[in-house]
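There are 2 protein chains.
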Amino acid sequence: MFDFTFHNPTKIIFGAGKEALIGAELNAAGITRVLLVYGRNSIVKSGLLDRVMASLKAGDITCSQYGGVDSNPLLSHTREGVVLARRDKVEAILAVGGGSVIDESKAIAVGALSDTDVWDFFVGKEVERALPVFTILTLAATGSEMNGNSVVTNAETRQKYNIASPHVYPKVSILNPELTHSVPLNYTAYSAVDAIAHVIEGYFTKKPGTHLQDRLVEGIIKTVIETTDLIMAEPGHAQARASFMWTATLALNGLTPAGIGEYSFPNHMIEHAMSAIYNIPHGAGLSIVMPAWMKWYAAKNPSQFERFAKEIFGLDSAAAGIAALEQWFVTIKSPVRLGEVKIPAADIEAIAENAEGLARQWGIGGLYTKETIAEILRLAV
Amino acid sequence: MFDFTFHNPTKIIFGAGKEALIGAELNAAGITRVLLVYGRNSIVKSGLLDRVMASLKAGDITCSQYGGVDSNPLLSHTREGVVLARRDKVEAILAVGGGSVIDESKAIAVGALSDTDVWDFFVGKEVERALPVFTILTLAATGSEMNGNSVVTNAETRQKYNIASPHVYPKVSILNPELTHSVPLNYTAYSAVDAIAHVIEGYFTKKPGTHLQDRLVEGIIKTVIETTDLIMAEPGHAQARASFMWTATLALNGLTPAGIGEYSFPNHMIEHAMSAIYNIPHGAGLSIVMPAWMKWYAAKNPSQFERFAKEIFGLDSAAAGIAALEQWFVTIKSPVRLGEVKIPAADIEAIAENAEGLARQWGIGGLYTKETIAEILRLAV
Chain A
1 MFDFTFHNPT
11 KIIFGAGKEA
21 LIGAELNAAG
31 ITRVLLVYGR
41 NSIVKSGLLD
51 RVMASLKAGD
61 ITCSQYGGVD
71 SNPLLSHTRE
81 GVVLARRDKV
91 EAILAVGGGS
101 VIDESKAIAV
111 GALSDTDVWD
121 FFVGKEVERA
131 LPVFTILTLA
141 ATGSEMNGNS
151 VVTNAETRQK
161 YNIASPHVYP
171 KVSILNPELT
181 HSVPLNYTAY
191 SAVDAIAHVI
201 EGYFTKKPGT
211 HLQDRLVEGI
221 IKTVIETTDL
231 IMAEPGHAQA
241 RASFMWTATL
251 ALNGLTPAGI
261 GEYSFPNHMI
271 EHAMSAIYNI
281 PHGAGLSIVM
291 PAWMKWYAAK
301 NPSQFERFAK
311 EIFGLDSAAA
321 GIAALEQWFV
331 TIKSPVRLGE
341 VKIPAADIEA
351 IAENAEGLAR
361 QWGIGGLYTK
371 ETIAEILRLA
381 V
Chain B
1 MFDFTFHNPT
11 KIIFGAGKEA
21 LIGAELNAAG
31 ITRVLLVYGR
41 NSIVKSGLLD
51 RVMASLKAGD
61 ITCSQYGGVD
71 SNPLLSHTRE
81 GVVLARRDKV
91 EAILAVGGGS
101 VIDESKAIAV
111 GALSDTDVWD
121 FFVGKEVERA
131 LPVFTILTLA
141 ATGSEMNGNS
151 VVTNAETRQK
161 YNIASPHVYP
171 KVSILNPELT
181 HSVPLNYTAY
191 SAVDAIAHVI
201 EGYFTKKPGT
211 HLQDRLVEGI
221 IKTVIETTDL
231 IMAEPGHAQA
241 RASFMWTATL
251 ALNGLTPAGI
261 GEYSFPNHMI
271 EHAMSAIYNI
281 PHGAGLSIVM
291 PAWMKWYAAK
301 NPSQFERFAK
311 EIFGLDSAAA
321 GIAALEQWFV
331 TIKSPVRLGE
341 VKIPAADIEA
351 IAENAEGLAR
361 QWGIGGLYTK
371 ETIAEILRLA
381 V
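Going line by line, the protein sequences match chains A and B.
The first sequence maps to residues 1 to 381 in this note's numbering.
The second sequence maps to residues 1 to 381 in this note's numbering.
The following block holds chain A by itself, in its conformation from the complex (with noise of 0.2 angstroms):
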C-alpha cells in the first residue's frame, strides 16, 4: 500500500426511468439554465430527449440545446460549445449519452469559466474550476460518469490529448441500465474492452502485493466478461446490462488505483494515438493494442500475468492467461489485429511517434520510445 487520496463527490441515481429526476437535482443544486450536449440523433428517435426536456421543463429549468459530439470528440466542436455555454450564460452542463458526450461536457465546463483557449488544459495549464457537469448516461464504458477526466481530440494536430482534474467529477450522474440495451453488440463488444483496459493498466503496471486492490480488480474483470458473455446471447438481458453498467463505472472511478502507488496507461497510450489518426472505436482500439502489449510486457511482471491467467481464466502460466483473453476479444468480435480496422503495418512508424509524445507527456517516454512502441504496434501485425 501507498499513500494515496481518495474524494469521488459524484452522487449516482442508478435505475430504469430516474432520468425523470434530472430537473430536481439541479433544481436541488440551485441551476436556473443549462446547456444540454448530446451526440446523434438516437436520443431524440428514443424519446429520452424528450423525457429529459419534460423533467427541464418541471423544474423550471432554461434549456440550449448542443448536438454533434462525435465519437472521438473534437476541439472544434469543443470550442464551439465553449462559445454556446458563454452566450447563453448557462450555470451547468447537463451531458445526456455516452462518454464521449460527457468527456466533451466537461471540457467545456472548463472552458466556459475560463478566459484563454481550452485546449491550453490538455497541454498542461491547470484547471482550476469549471461548471458543474451532470450526466445521463446511455452507454456504459468509460467511466467518464464517475471520475475527473476528459479526452479530447485535435484533430489539426493530431493529438487525442486529456484533463484529469477534481473540479470535473460530475456533481450527479443518473445511470439507467435500460437506455443501454438497445447499444449495437459491437459497441457493447468495444464497451466491454474498454472497461478491461481501465483496470488492467494498474494491475501489471503497479509493484506487486496489494491484494485487495487485485481482488477488486479480478472481481471487475471477471464480472465485465460473465455479463457480456449474457448480453452477446441476449441483448436485451436487463440483469446483465444493469451489471455492466455499474461495473462499468467502477473500472475507473479511482477505487481500484487507491493505494497501489504509481503506475501508467501505456494501453491507453498507444490507443490514442492510433484513434487519433484513424478514428476507430476506442474499444476497438484496445482491443488490439492490450494483447500485443501484455505479451511485450509479461516478462517485466512475470507473477502479475501468472495470477492474472489463474484468477480469470483458471490457467497456469502468463502466456496462457494473455491468449484466453486475446480468445475472448475474437469472441465478442473485438478486433485484435491492426488490419482488421484497415491500418496497414508501414503505417506503425507515424503511430508511433504520435504515441511518443503522449509518453513524454505522460512521464514514462523511458520505457515508451518510438522504438519500443513500434515493436509492441509490430506484435499486433
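A hint or two may mislead.
Copies of one chain are not kept apart here, so a pair can be met inside one copy or by any two copies together.
Using 27 angstroms as the maximum straight-line C-alpha spacing, the simulated DSSO-like pairs for lysine-lysine come out as follows [stated by the list, open to error]:
| no. | residue 1 | residue 2 |
| --- | --- | --- |
| 1 | K300 | K370 |
| 2 | K11 | K171 |
| 3 | K11 | K207 |
| 4 | K207 | K18 |
| 5 | K125 | K333 |
| 6 | K57 | K295 |
| 7 | K11 | K57 |
| 8 | K300 | K125 |
| 9 | K370 | K310 |
| 10 | K171 | K310 |
| 11 | K370 | K295 |
| 12 | K300 | K57 |
| 13 | K207 | K300 |
| 14 | K18 | K342 |
| 15 | K333 | K370 |
| 16 | K310 | K222 |
| 17 | K207 | K222 |
The hints are simulated quantities; they were obtained by calculation from the structure and are not laboratory data.
Once you have looked at the hints, place chain B on chain A.
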C-alpha cells in the same frame, strides 16, 4: 441489480504522518473552532494529540478538547459533548480515535444543531443537519470514517441504537496506518471480525445474482483474513496494517451493498442487544453471534453459503465454510461461545427480548422474534 443511490463524499487522506494535514484541511473548509473528541489517554501518551494540536495551532484553529469516549459510546457522555459544542460555538467536530469516538462525534455534531435531545434522532427523528465532522482514525474496524452511521448506547434503557444519515458522513478522514501498529492483538482480532461482519450481512441476506457485489465482498473477506494472519504473526507488519485499514473502510462505505436491493443486519442486531447489556467489545460479540446465525440461516440461502465456502476457503459445503470461519475466529482468539465472555445461557431470554426491539425498529421483526433470536443464541452456548 436493484435501483440504488450511491453518494459518498468523504475525502480520504491515507498515509503515514498525514494527521499533520488536519489544520490545512480545516482551513480549506473555512473552519476556525473545533471540538476535539477522543477516548482514553493513549492519544496523549503516544504524542498523537500533541501533533494534532500543533497542526491546529499552525492553522490558527481554536480547539476545545473532550476526552473519555467509551468503547461502546454512551448517550450520557454524548449529551455532555453536545453541551460543550454549543457552549464553545464550535463549527466542526474533530474525532481522533476509533469507531466509537467517530460515532459519538457524529452524534454530537447532530445534537449541537438541534433544539431537542440527541437521543430523539436514535429513536426515529430525522436528521436534517449536523456540524461537519473530520476524523483522524486510530483503529481500523467500524468504517465510521467513511459512512453516515453512528451507534450510541443508552445505558438507562439498555438500548444500543443508531443514526443513519447523509448529514454525518465525515468531510475528511485521515487514515495513518502507523497509528494502528500499537493496537493490541485482541482488538485487532475483534476489528477483523467486525469488518467481515459488515460485508456478510448483505452477502447472505440479499437476493442471489449480484455477482459483482459478491466478488467485492469476497475480495474484502479474503484480504481481511490474509492481513490479520500476517499481523498476528508480526504486529508491526506495515503493509498488512495498511491494507487491513483500507479494507475495513471499504467494508462499510456503501460500496458492497450498492445495487443488491433489500438486505438486513441480523448479526449486528443481536450483537447490539448483547453489548447493550454486557459491555463487551463489539467484535467479540460478533464472533459469537456470526457462526450461530450462519448455522441457523444457511438453509434459507444454501447456494450463497456454498459459494462462500468455495470462494473463501476452497471448501465444498456450506457447513464446512461456516466451520472454517468459526475455526478462524478461534485461531485469532476471538470468542465463539457465550461462556467465553461470561454470558450465562440463562441470560439468552433477556438478550433476545432486547434484540426483538431492534428487529422491530429495523423492520425485520417478522423473521426475528424473541423465540427465533433465542434459538440462534442457543447455538452459541
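A quick look at each hint next to the structure:
1. Taking identical chains as interchangeable, the C-alpha atoms of K300 and K370 lie at most 27 angstroms apart only when both belong to the same chain, with a minimum of 19 angstroms there against 60 angstroms between chains.
2. For a Cα distance limit of 27 angstroms, the shortest separation of K11 from K171 qualifies both inside one copy, at 6 angstroms, and across copies, at 15 angstroms.
3. With identical chains, the CA atoms of K11 and K207 are at most 27 angstroms apart between copies only, with a shortest distance of 25 angstroms across copies and 31 angstroms within one.
4. When the C-alpha separation of K207 and K18 is checked against a cutoff of 27 angstroms, the pair qualifies only between copies, where the shortest distance is 22 angstroms, while the shortest distance within a copy is 40 angstroms.
5. Taking the shortest Cα distances, K125 and K333 never come within 27 angstroms of each other, neither inside one copy (39 angstroms) nor across copies (55 angstroms).
6. In this homomeric assembly, K57 and K295 never come within 27 angstroms of each other (Cα to Cα): the closest approach is 54 angstroms inside a single copy and 55 angstroms across copies.
7. Taking the closest pair of Cα atoms, K11 and K57 come within 27 angstroms of each other only inside a single copy of the chain (22 angstroms); across copies the shortest separation is 34 angstroms, beyond that limit.
8. Taking the shortest Cα distances, K300 and K125 never come within 27 angstroms of each other, neither inside one copy (34 angstroms) nor across copies (58 angstroms).
9. In this homomeric assembly, K370 and K310 never come within 27 angstroms of each other (Cα to Cα): the closest approach is 33 angstroms inside a single copy and 47 angstroms across copies.
10. Neither within a single protomer nor between protomers do K171 and K310 lie at most 27 angstroms apart by alpha-carbon distance, with minima of 39 angstroms and 40 angstroms respectively.
11. Proximity of K370 to K295 under the C-alpha cut-off of 27 angstroms is restricted to the intra-copy arrangement: shortest distance 18 angstroms within a copy versus 61 angstroms between copies.
12. Taking the closest pair of Cα atoms, K300 and K57 never come within 27 angstroms of each other, the shortest separation being 56 angstroms inside a single copy and 48 angstroms across copies.
13. In the homo-oligomer, the alpha carbons of K207 and K300 lie at most 27 angstroms apart inside one protomer (11 angstroms), although the nearest pairing across protomers, at 42 angstroms, exceeds that limit.
14. Taking the shortest Cα distances, K18 and K342 never come within 27 angstroms of each other, neither inside one copy (40 angstroms) nor across copies (52 angstroms).
15. Taking CA atoms no more than 27 angstroms apart as the test, K333 paired with K370 passes in neither setting, with 29 angstroms inside one copy and 57 angstroms between copies.
16. Proximity of K310 and K222 under a CA criterion of 27 angstroms is satisfied in both settings, with 12 angstroms inside one chain copy and 16 angstroms between copies.
17. For the identical chains of this complex, K207 and K222 are neighbours both inside a copy (22 angstroms) and across copies (20 angstroms), given an alpha-carbon limit of 27 angstroms.
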